[in-house]
Amino acid sequence: MDQSSIQRLDQPLRPKSKHRGRPRGKQQIAPKQTPQETQEQQTSPAEIPLPEPRPTDTPKANAAPEEEQKTEGPKAPDASNQLNEEKARQAKQAHPEPSAPEPSARKPSTQTESEPEPPAEVPIPTQRPDATEPEAGPPAIAPQPPPKPADAGDEKMLPDPRSADRPGEKLPAGEVACRDRLKALGVEFEEHSAESNPEIGCSIPYPLVLKSLGKSIAIAPGTELNCPMAEAAARFAADVIQPAAKAEFGADLKSIGQASAFVCRPRHGTRKLSEHAFGNALDIASFTMSDGRKVEVGPTPPEKDAKFLTAVRKAACGPFKTVLGPGADADHALHFHLDLEPRRHGGTFCQ
Numbered sequence: 001m002d003q004s005s006i007q008r009l010d011q012p013l014r015p016k017s018k019h020r021g022r023p024r025g026k027q028q029i030a031p032k033q034t035p036q037e038t039q040e041q042q043t044s045p046a047e048i049p050l051p052e053p054r055p056t057d058t059p060k061a062n063a064a065p066e067e068e069q070k071t072e073g074p075k076a077p078d079a080s081n082q083l084n085e086e087k088a089r090q091a092k093q094a095h096p097e098p099s100a101p102e103p104s105a106r107k108p109s110t111q112t113e114s115e116p117e118p119p120a121e122v123p124i125p126t127q128r129p130d131a132t133e134p135e136a137g138p139p140a141i142a143p144q145p146p147p148k149p150a151d152a153g154d155e156k157m158l159p160d161p162r163s164a165d166r167p168g169e170k171l172p173a174g175e176v177a178c179r180d181r182l183k184a185l186g187v188e189f190e191e192h193s194a195e196s197n198p199e200i201g202c203s204i205p206y207p208l209v210l211k212s213l214g215k216s217i218a219i220a221p222g223t224e225l226n227c228p229m230a231e232a233a234a235r236f237a238a239d240v241i242q243p244a245a246k247a248e249f250g251a252d253l254k255s256i257g258q259a260s261a262f263v264c265r266p267r268h269g270t271r272k273l274s275e276h277a278f279g280n281a282l283d284i285a286s287f288t289m290s291d292g293r294k295v296e297v298g299p300t301p302p303e304k305d306a307k308f309l310t311a312v313r314k315a316a317c318g319p320f321k322t323v324l325g326p327g328a329d330a331d332h333a334l335h336f337h338l339d340l341e342p343r344r345h346g347g348t349f350c351q
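Quick note: the sequence shown uses full-length UniProt numbering, first residue 1, plus one each step.
Read the hints as simulated data drawn from the structure, not as lab findings. Accuracy of the hints is not assured; some may be wrong.
What the hints assert, rightly or not - Under the rule of at most 27 Å between Cα atoms (straight-line distance), these lysine-lysine pairs were calculated in the DSSO-like manner: (1) LYS307 with LYS246; (2) LYS211 with LYS254; (3) LYS272 with LYS307; (4) LYS272 with LYS183; (5) LYS156 with LYS307; (6) LYS254 with LYS156.
Please work from the sequences and hints to get the whole structure.
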């Protein structure tokens, strides 16, 4: 009994060893082939389409190993590696294929979009000439220079009786007497032709051009004044300025530098004619002494110069009806303004 049982046990084991012994080269793949053999034996061609819902790569992978197993039975391990490589290649090819056409599709789209855009911009410059056309409008504003004749509104000065003065055929007696006094003071002068501007109102019928204010006091540059103003300036230089120079500097007054005499204009910022428009005013900018010292009129002169200038300025208020200088306004910051403007009750205006 023991022997027969042993034989029975040995009998079924022999065929298994035979199957295992025949394909010794497939010992490593045996566990993998058994499911494939079972599928080949058990599954029919009708059951194969079941994996069709899976991607198309699977049937190709299944078909390839079947053919390789039939043709190359001992090289099954190489076929499995090839299957894995093919799957990897197919997976790589599956992803780049959709990506490759996308950039190609985008490039033509960008080119086609950029090409129609420039023609759309080309008509835009046609609108710009339209913008230049309204610029022609400003020339219509250019005719506004006619306001300049409106400046002739300055011509409409407040009336002054002296604006109507015109020279006569002979010198009036007063003018002859005035000239005689100037000669007695040693003033050098020349006769000048009458000055007038009826549109503005300026007039000086008997002007003189002074060369000096006395025997030793020069004045420059040439100073055009009416005779009464010339006499007042000569007397003031001899009676006030000369003594002040000796007292302060110990020197004689040599010359006076004038800044303005006869000028046909109105007062700044007013419609009233300036006294300069009648040769009735003199602006003094500097004084030069016999020792070469020069004193200039200004807002902050040196101490000695300031004493001299203050004495002259104060003494001028009386002989002259208007006296202005530094501190009065910006127009008189660098000179003394002296004039004989007629005022009510013989008053004066000094600042």
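Comparing the hints with the structure gives:
{"no.": "1", "hint": "LYS307 with LYS246", "in the structure": "holds (13 Å)"}
{"no.": "2", "hint": "LYS211 with LYS254", "in the structure": "holds (13 Å)"}
{"no.": "3", "hint": "LYS272 with LYS307", "in the structure": "violated (34 Å)"}
{"no.": "4", "hint": "LYS272 with LYS183", "in the structure": "violated (34 Å)"}
{"no.": "5", "hint": "LYS156 with LYS307", "in the structure": "violated (43 Å)"}
{"no.": "6", "hint": "LYS254 with LYS156", "in the structure": "violated (42 Å)"}
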